Amino acid sequence: MSYVSTRKVLMLGWEFPPFHIGGLGVASKGLAEALVRRGSQITFVLPHKVNINHPNIRFLFANVPKENNDSFHPYNASNQKRVCDLLKNTRFYGQVFDHILLFAIQAAELTAHEDFDIIHAHDWWTYSAGIVIREQSGKPLILHVHATSFDQAGRGHVNPQQYAMERKAYHAADSIIAVSQFTKDTIVEKYDVSEAKIFVVHNAAQTHATDLEPIVGIEKLKAQGNKIVLYLGRFTIQKGPDYFIKAAKCVLDYYKNVYFIMNGTGDMRGQIVTQAAELGISDRVIFTEGFGREASRLYNVADLYVMPSVSEPFGITSLEAQLAHTPVIISKQSGASEVIKYGLKVDFWDIEEMTNKIVAVLQNEPLSHFLSEEGFVEAIQHTWEKAAAKCESVYDDIINLFKRGPS
Amino acid sequence: MLSICPYFHVHQPYRIKKYRVFDIGQDSEYFNASDETDLNNLKVLKKVARKSYLPANETLLGLLKKHPEFCFALSFSGVLLEQIEEHLPEVLDSFKKLVHTGRVELLADTYYHSLAFFYSRREFERQVKQHERLLKRIFNVTPKVFRHTELSYNNDMAKWAERHGYLGIMAEGWEPVLGWRSPNFIYSPKDCKKIKVLLKNYKLSDDIAFRFSERSWAGWPLDANKFAGWVSNHHGNGNTINLFMDFETFGEHQWESTGIFHFLEALPGALLANPDTTFMTPTETIENYESVGEIDVPHVLTWADTERDLTAWTGNEIQRYALSSLYDLEKDVLVLKDKKLTSDWRKLQTSDHFYYMCTKWSQDGDVHKYFSPYESPYDAHISFMNILQDVRLRIKEAKKKKRKQRISKKYQNINQNAPRTSLSNSNS
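Those protein sequences? They're chains R and W, same order as listed.
Read in order, the letters of the first sequence are residues 35 to 441 in my numbering.
Read in order, the letters of the second sequence are residues 4 to 431 in my numbering.
There's no promise every hint is true.
Below 30 Å or equal to it, Euclidean Cα-Cα: the simulated DSSO-like pairs (lysine-lysine) are [what the hints assert, rightly or not]: (1) R:Lys420 x W:Lys363; (2) W:Lys334 x W:Lys139; (3) R:Lys283 x W:Lys399; (4) W:Lys342 x W:Lys147; (5) W:Lys46 x R:Lys366; (6) R:Lys366 x W:Lys363; (7) R:Lys261 x W:Lys21; (8) R:Lys261 x W:Lys399; (9) R:Lys290 x W:Lys404; (10) W:Lys50 x W:Lys69; (11) W:Lys50 x R:Lys280.
Just a few of them, taken from the derived set where beta-carbon distance is under 7 Å, the chain R residues facing chain W [stated by the list, open to error]: (12) Leu286; (13) Tyr288; (14) Lys375; (15) Leu378; (16) Asn390; (17) Val393; (18) Ala394; (19) Asn398; (20) Pro400; (21) Phe404.
No lab work stands behind these hints: they were computed from the structure.
On a predicted model such as this, the values are computed, not experimentally measured, just so you know.
C-beta atoms are modelled at their ideal positions from N, C-alpha and C, and glycine is treated no differently.
For reference, chain W alone in the conformation it holds in the complex (with noise of 0.2 Å):
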């Protein structure tokens, strides 16, 4: 028996408005470009809404349909959920049907899509509950399998997903990693006793979300019976094929016009042809593999880029800059408990806008380049640091708000506690 474990990460960051340093204490609104550039988020939130989650999802519930077998799972981030469900209900209740048919596993996740995990612990944990509370309000499930931002994954972070009482963790299943094992099987984190880690079969999951339309590519044209035969290739040397990509490979990353759609369509019937192959959630995944072995990851491994590591998001300095001087506000923003504040900092959080400010150039910097919206890496930092200034203004306001509130309800009670008798005598 093979089982194949899809699952759809599902994300659209708050993108920062061109930002500059004339508007530094002048405006608070960091999000709300509303010109026609990429930067426009319900721009491209309708755009992305319309060319993939949409018809990806009427196909999706199609299937699930049409196939009993058929499963999947989704990760949601917070930021996108709270996009859609402001402005687009339609797409929200498009995604509830799919998981109101009980075969759609939610994950755990970071409500921002932050790197927080590597830079404040805390902040991390109140991500992961902020959105928590989110999936049990929007769709009453409780996550039980944890990823993380652009699967990034280590020791320590399996342990802590241990810990807090989850039952797997994704991760890329990279040979560097691996060795001689393959991703096809489930393995142990390191040092830890219950969890299990699924790895993301790369070159298979690869071959759909970023080599699917390539022309250059020996696997050109792809079919759904085509992969179907590479997927029964692992019959016998492997119990599931993990395939996670984002989800706006259908219609989106690969335009309509690629012939995705067909091959999402084609892609189940294509699969459980085989009478061995079957669909599992990530859940039902880990609960029915037995650990083949121990996984063990020190240093940070993700899904991006030829490295995968986090040089994407951390590896020069300007984007390390950008991180710490956020992160060093965190104590400042908290303690003033302003909503608003509190919000559009974590909403910077977003490992996108570090993303943006990349500066590879070799081929990883091509695909940056097709998914940023900002005419440089510069650009973008230069938009960020900016608005960082304007956050560390409206701290410095609401300290010294805070600090009149105090003094005048110190005065007022000093005035309530005073003896009449001292008041008519000092009047006297």
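The shape of chain R in the complex, shown without the other chains (with noise of 0.2 Å):
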């Protein structure tokens, strides 16, 4: 095997912080800057000019035009409703597919005379690019699969289109990089890809800033001995808010000094927002859409943190909670949950045992701190310097491959 000096890597994505909406901006960051660090070379395709100056990555933009709609995001659409209105009138998806494929025939034209190795799609929007300029550089293409259909559907029905286009992509990539085994599992399940091509890099987080200024309102209810439970993330059916407000309703009976905070935008807030009306808790509730340095100010505030996805191919606001020495509850349904030890585990169907573990860790003090501490200690040793090395190798093991011929 040859020692490969320089990886020059043409990155594919969607989106990038401080423009971003989801995780996926925030893991396509962490990795290339990782990558960068360890002697990388990167160029980072996105979708439209945005104003970024970044040090090390050299960025490119392709001229697709930028929806001012919040809910145009790879993850968004998709409560079952949802996804059987769109099926009816496919205009969103149409519109969806109408920007993947300008993006493809745009990103394919910006790279022609680029000089790299492999390219590194992040997330099935980018993917037909990412087959284009395989096709037209004969480099070996590795998808980035942050999320399938599936996990968008809250494993429900899946919108067909999506999941064809995501197939295709999956058999015609040289590898697959899925960001947890749970993901593994759903690409060789449900898209009969082989498991020899498909390789698990769990995600990791980056520290919080330190000069972080504490959240005044919140710091004074906290000093009237109230406790704060956390639920950061996009208000979709894949996150499962509707479980945490319900289990917010069910606390409230056995502890009365909380407050929920529901911080993140989405299409079922509206939803949530009457349903803890309807449950006569709207005064013990607290909605707010923090970004960035905010949503770091309310991981510092929390005393828990709950992460009750349906289906999360990973789930990094758990690692950064306890990057913020805040106690985390996380669905099984994670792949998060693969790598955290110090922290509770519920099926996020079961909001009695939701309730419970909730209600334990604001009572009891030691098992608090213990998981403060502990998980702490824990997520900083999940860096992307690690998720990076693990890439190189599955860069260095395809690259290899293809000086030998490509298939």
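Take the two lone chains, each set in its own frame, and fit them into one complex as the hints suggest.
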């Protein structure tokens, strides 16, 4: 096996912080930066022009027109009802596929004269571009699967068009990086992809800024003896905000001095706000929409972070919470539960058990302290450097294979 | 002459069921899981009886009949005896048959397989007494040698045992304590005059208990002749080989399919094939050999994990919190003289509950996982702490009731003692 001194990576992505909505951007950035630190050269292609000035990563922008619509995001869409609606009226998905196609054409044009060893495509909106560029350049294609349509649909009915596109890409790719065993299993079982070409590279999280100012109002509530339980994620069926709100109601029957903060945006937000009112707990639920530093401040102020995801390929937020010394309860249906030992785990649908564990952490100071201390130590070991090192070995294997003759 | 001193520890805890916040104040039966999980004590007991106790006892009884030199010791936890007496009398009978041969010594222990020694000396003593009464009632035996939960041991415990008249005490033969010395002799605990300590030869013991079926181990496959060969290497540089292990080694930890019963059946014969080898019970061992030196164990030594300390039970914050919260209730529980409450509180002292809360994720952690019926250490901890909340409620209720009784008694007394005249006066 030959040693690859500088790997030149063409990365295809849909978003990059600070211009991002979800964990996809966070993961793309964390991984790309770690790869650069370890000596790779990265050219990162984004769909449209944003004002990014990164010292070590070169950006290219395809001229896909930007949608001014929050729900226009590769993860959004899809509670089941919505998928059904979309099947009847495919305008939203039609739009998405137009964008994907446009991105594929323009990214290929943009990179026709670029020099790179490998194509690394993040998530399904970039898969088509990856396939086209592979054809054009003869370089190997690695797909990085941050989610599948089964996650987005909360394991329910998937969009058949999206599924077909994913399936085609998985089979066309030279290697696949899955963010968890949970995701790898989905790809093998639901898409009939050979296990041998899928490699698990767990996500990591970046430490929080140290100069975060406290959230005064919330600190006041805490000073009055209240505890804070945090939900932080998009309000979509995949993330299980409805299970969280039901557990909140149940917790209040056993533990009075607690406020629930629900941070995020998404198509289910209205439903959850209404549900809080119907359950009669609106005075105990605070809705926020923080990002970046704001999110870090929320992790800091929380006494407990709950991630009730119905189907979570990884769930970086759980590591982020741990890095803020906040104990976590995460659903067993998450990739993060494969790497987190110092956290409590529940089935997303088991509201009673979720309640039991929330109350336990709120009441039991030594348990909460233990999870906070050990959880932090655990989370700092999951670095993007480690993830990058694993990616490099996937790169090298496939690059060497191509040198012997592309398949 | 080299003698072999085997002792097998027989114990099953009362595992607590999944007990959630909703159950507090509603359900005070903590040990009655009736589902298909391994929290169902009766289910586990029946399984272990079928796989281990019954077949192993049959084998052992056969061996006692076949080899007049063969003898060994058993240490029962009280909670195990209580469970088999109530549910599986045929298992108890099979143990009685062994004891009635006169060649099976019984060891002293705590009734509840607890760590009370380290938290409340008086409670510990009550449990040792309770255990002694149980052995007397069931087997008509009074034990002379003491062993403690998880073979935990230190100088203080040896002194305690000497003061209470025991001839011997057991401990792990661990190099950091022994230095260059061999576990195959008997020693005197520090600052003790009469009592002797028997040290487990953990290498030979664990070859059977842990490694017997491990295919990656150089000694695999192990048969009785090979093992007897290893033992005979010690002729001339040792008096006794102390083979201490869980009774459940036979058929439960090592399944029947590993050949463990064939091994057991052939072992005494293979060992006795050397005319210079014999078997001795712990008491015989102590009476037959002189102490060759002093053993100093200021810190707690156990037979568990690579550290051989108490960290498997008390190593993390949630274990220590559970233990201290439990022992904080001692006075409140005992003063009420409520039989059920006291027995529940004591069953909660069984060390297994804290072992299930262990968060070592190393190789030892795998061993822990094998033995834990809970999904995670936190599940074990949360159920336990919820139960303690229920125990506290019961204490509160019982106190209230007592106070009411006291007050009504007082009024009765006042009314009885009140002079009639004053009563008629007040009426007028």
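How the hints compare with the structure:
1. R:Lys420 x W:Lys363: At roughly 23 Å apart (the allowed maximum being 30 Å), W:Lys363 and R:Lys420 satisfy the hint.
2. W:Lys334 x W:Lys139: It holds: about 28 Å lies between the C-alpha atoms, which stays within 30 Å.
3. R:Lys283 x W:Lys399: holds, 28 Å
4. W:Lys342 x W:Lys147: holds, 29 Å
5. W:Lys46 x R:Lys366: holds, 27 Å
6. R:Lys366 x W:Lys363: Cα-Cα ~21 Å, so holds.
7. R:Lys261 x W:Lys21: holds, 26 Å
8. R:Lys261 x W:Lys399: holds, 27 Å
9. R:Lys290 x W:Lys404: holds, 28 Å
10. W:Lys50 x W:Lys69: holds, 28 Å
11. W:Lys50 x R:Lys280: violated, 40 Å
12. Leu286: It is violated, given that the least Cβ distance between R:Leu286 and chain W is near 12 Å, above 7 Å.
13. Tyr288: holds, 5 Å
14. Lys375: holds, 6 Å
15. Leu378: holds, 5 Å
16. Asn390: Holds - the Cβ of R:Asn390 comes within 7 Å of chain W, reaching about 4 Å at its closest.
17. Val393: Holds - the Cβ of R:Val393 comes within 7 Å of chain W, reaching about 5 Å at its closest.
18. Ala394: holds, 4 Å
19. Asn398: At about 6 Å, which falls below the 7 Å cut-off, the nearest Cβ of chain W leaves the hint on R:Asn398 intact, so it holds.
20. Pro400: holds, 4 Å
21. Phe404: holds, 4 Å
Going through the hint list in order, the structure does not satisfy hints 11 and 12.
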